[in-house]
Structures are given as C-alpha cells and as structure tokens.
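S.K.: Residue numbers (the numbering used here), protein chains in the order written: chain U, 457 to 782; chain C, 1484 to 1768.
To be clear, the hints were calculated from the coordinates, so they are not data collected in a lab.
Hints may contain errors.
Taking lysine-lysine pairs in the DSS-like style, the calculated list, with each CA pair at most 27 Å apart, reads [stated by the list, open to error]:
no., chain 1, residue 1, chain 2, residue 2
1, U, K511, C, K1535
2, U, K590, C, K1718
3, C, K1535, C, K1600
4, U, K660, U, K679
5, C, K1535, U, K679
6, C, K1600, U, K590
7, C, K1600, C, K1540
Cβ pair distances, simulated, as ranges [said to hold, decoys possible]:
no., chain 1, residue 1, chain 2, residue 2, range
8, C, H1536, U, A566, 16 to 26 Å
9, U, R516, C, H1536, 42 to 52 Å
10, C, T1706, U, S564, 50 to 60 Å
Built from N, CA and C at the ideal position, the CB exists for glycine as well.
So you can see what is in the structure, the chains are spelled out below.
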Amino acid sequence: MAIVIEAEGLTKRFGGTQALAGVDISAESGQVLALLGPNGAGKTTIVRVLSTLLKPDSGRASICGYDVESEAVQVRQLIALTGQYASVDDELTGTENLIMISRLLGLSRAASRARAPEMLERFDLADAASRAVKTYSGGMRRRLDLAASLLGEPEVLFLDEPTTGLDPRGRSQMWDTIREVLAGGATVLLTTQYLEEADELADKIAVIDHGNVVASGTPTELKARVGSQTLQVRAADRTYTPQVADAVAMVAGTRPDVSADSGLVTTAISDPAMLPAIVRLLDDLGIVAAELALRLPSLDEVFLTLTGHMAEDAEAELTTPDGRAA
Amino acid sequence: MTSQVADAYARQIPAHASPAGRPGREVRRRIGVGQALANALTLAWRNVIQLKHSPEKLMDVTLMPIVFLVLFLYVFGGVVAGSTHAYLELLLPGLVGQMAIFASMGLGTALCEDIHKGVFDRFRSLPVARSAPLLGAVLGDTVRFCVVMAVLTAFGSALGFRFHTSPLAIIGAYGLAYVFYLAMCWVSVLIGLVAPSPETVQGISFIWTMPLVFGSSVLLSNTSTMPGWLQAWVKVNPVTDLADSVRALTIGGPVGTHVLYTLAWAAGIVIVTFPLAMRMYRRRV
C-alpha cells in the first residue's frame, strides 16, 4: 500500500515547552490513524504541521508525497481539516458556510449552491440550513465542520478531537457520521483523548506523550499490551478482601492490585470469560460481592502501562505564542 | 523505555516510502492571480453576509457622521464661518475625508476577532491564495464606507448642503475618498494583526488617527492662526490634501496638486503596509 501521510523526526518548541520531540508517524492509503494522548501531548501540533498551518523546527512531513513546507500549495488541495474548535463561521448560516467553502475550493457558483443542501441533508442538518451557526448545538457544529471538510473530496482528512466536549449521545452520533465518511475511503488522521474512540474508529493507533510517539500498533495489539479489560471486585464484607484477591489471582493468573482503603480488587484481564469464572468461584467460597464490574481500560491505565506514568493533563497544556491552544 | 519504543516504531517506516501515494487527481503547483481575486471576492461576500445578519455592526458608521456633523456644525459654525450655513459648505467635504479614516478603523478589530476564533485556520488549510483572506476583508469592508458616506451626504443635504460642481467631479471626490480609505484599511489590517486582542485594536487606532484627522484642514481651511509647528504638520498631513481635494471637487475652487498628493500618499501607504501586513499575517496566523 502507498504511504499517504508520513512524518519523520518532527520537532517543535513553543517558548520553553518542547511540543514535539521527534515524531515519526505514517499512514497508508485508506487507513485511519489515531493519535491518542492527553491534552497537551502534542497531537494538535502534529495536525497543524501536517495541514501546513505550522512549520516544524526540524524534521519533514509529506502528504501523498508532497512536502508540507515546500509544496504546501499542492498539499492544501489534497487535505481537509476539521478543527478542535470547529472552524466554521458563527455568523453565517449552515448553507452560507458550505457555499463559501465550495467557492473557495474553486467550484462554480451554481455547483456550490447545489452542493450545500445535499451535504446538509447528508449530515442531518437540513432543518437548520438557514439558521446562523451560533445557534447550533456542539454536535451540529461538528457535523457542519465535517460536511465543509468533505466538500473538496479530500484524499486526507484530519479530524482533530472530533468529539471532545460532546455528550455521550452526541459522541455516538458523531461516530456514526465519521464511520460513514470512512466508508468513502479517505485516509484519516484522527486525534483523540479517548481510547474507546480510537478503538471504535482507527486501524492503527499511535500513543503520543510529551511530543513523542511512545507506542503504536493496531487497537488489538495495544489492548493486548494493556490487557483489554479491567475487572473490579469488592467484597461486601471487607474482611474477605484477601480471599477475593486470591480468587481473582487464581482465575486471571496474575496478582491483582488491592486497595487497602476501599477493599477494591483490580486487575487487567484479556478474556471476558474470566468474569463468570470469578463469579462462580466467589459463589463457591460463599463471598458476597458488593461490586463486580468489567470495563475497558481508561486512557490513564493505557498510559500507566505504556509510559510508566499517569497521563498529566493541565500541566502539559500547550499554548502558541499568541495564546491559542496548540 | 520511551526511546526504545519510538525506535522500534521508527523502524516500521520503510525507507523507500516517500514519493509514493500520489493521487490520481490533477494537482496545481501554484495559485493564479484570477483565482486569488475570485477567492478574495468570496471572502468579501462573507463579510457582507455577516453585516446582513448583524446590521448592528453598522451602528458606528451610521451614527458617527450624524453626531459629528451636528456637533461640529453648531459648536464651531458661528465662530469659524460666521454662520452654520456657510460652515456646512466647508465642513461636509472635510468630514468626507475624516469619515473615510474613521470607517477604516473597524476592520482591524474584526480581523483580530477572526484570527482568535480560528476561522482563519480553515482558510489557510484550503488551496486559496495567501493574500485572499486579507484582501477579502478589505474589499468586504467597502460596505461600511458606502454607509458612512451615504448617511453623511444625506444628512448634510437635509441640513442644507448643496453640491456646486459637475456629477463627474462629485464622483471623483467620493472616489478619491474611497481610494484613501482602502489605503487606510491596510493600516487597520496591520494593527489588527499586531494587536494582542480585539479590545486593544480600537485603543491603538484612536491614538494614531487623532492627530491625523484633527491636525488637518478637515474642520477649517484657514490655518493662519495655528502655531508654526502645527501649520507645518497640517501642511504635510495627507488628510489635509484629501479634505482640500474633496472641497474643490464638491463646492468648487482650484484642485491644484491636492488630488495628486492624496493619490501618491495612498499609494505610498499601501506599498509600505501591504507587504508588512502579509508578513505579520504569515507569522501570526
């Protein structure tokens, strides 16, 4: 397969902060690559470099073989950017936003006017077509942003935190919309803070921390390293906590973490069938569980496993010299 | 551990990967002048649509000429020209020059807001000419010029102002004010790009426009009572040339070299501020 997105040794420094410390990523044609990491890890900076908005201090990057610095004009014809802060015009209506972008992409006036309602229909915005975007909900804005990005039928689509700030319903709607878009076959670079989102949408995940790629692979490979799910058990009677830990260790094959304060026994397991096995074992032992849960590992746990430290959030928040989030 | 993982990852990228993956579609190598102009007009259309949706943004250019005309006319009229009617003939053409400058000041604020909102990021990731967003903003702002001049002229006529020259000369007068206005727009753009926040743009703009607008022949054509240093300033101030040109072209009198000086100043301002604005734009956005 042809390499469509490629970056080698990208570095970028904003004042005293090393935003990118030598990033290498690549994605093949039609692939969905997710950059997974906490706020300020450098994900958006990578997107800004690849979309020609920011020059790296060193390293090189290309889109479809065109260099993002020396061949920016060509690159801009092949990409579309859907921003973290939905970059549609607040004061224009949905229709006007789409007509403006179509015209800027070089479509004729007639073609632009014809295309706008089609796209609004496709992205479930037909009812809001003639309302100013400032009256839209967060999810509607993201969908309009995505619609605008697809007007030029890009080879490469950048989705920068497409669901950050959306409620769970808005998020799952957005995922459905993105899946439809992915079916069209574009190569996609997605940034996200949610493992679940990367898992849902991506073919390949690169975990970003402090401007470095600290791990990469398919979602299955990464989850295998982390343990695909987390099992939590707590005995109703705390005095049985050691027995619970023993039971979990017997089934899972590794010693679980035991919280002395809460009596919560936690371990990563790779086989969901272990849950009923533990239930049976606890039942045989006559221990009543007050809490028994199986859940996906959180980003914190992924980070803890892959980097040996917790994902730090506010501390690493980066801003460009003029104060915007990077 | 971190670097080991990164190294392992780096090895996954084949060394021969680079020029592959060229798409089947046609990819242009540069953006032509025609397309740059079309882009600028589209973005100018955007600014006009914004004004259509929120006409309150035109409040300043609607009220300013009325307030200024009434205040100056009735405060200074009797003293400067003996009667308000005589002063109106002198004042209105002067205010055409003054309003051309004041109307250009709103652009910097609007531009600064656009940059902060991230709308410009999208424009810059599109295959549009580099200069199109700025050029579009300046062209779109023409609406404000038209409003300020229409209100000023209509209100002045209601108070008794009459043109004494040919329609061609009158068109020339407003055309000259428009040319100077476009030049001043680039100064406003530059301030909008340099200012740290939209709120500071107005403050900065006022400081430099005040001596330019009031240290001129806008309010009076006789400068003989001014101290020597101020007379010298008034004489070199391009706003004096603009006001005197508009006066000659609307109420009659010798045009002299004022029109040429005004055009030369406008050209000079653009030659200096346009490249500076483009440079700041590349650096800032």
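S.K.: Can you list which hints this structure breaks, lowest number first?
M.R.: Hints 1, 2, 5 contradicted; others consistent.
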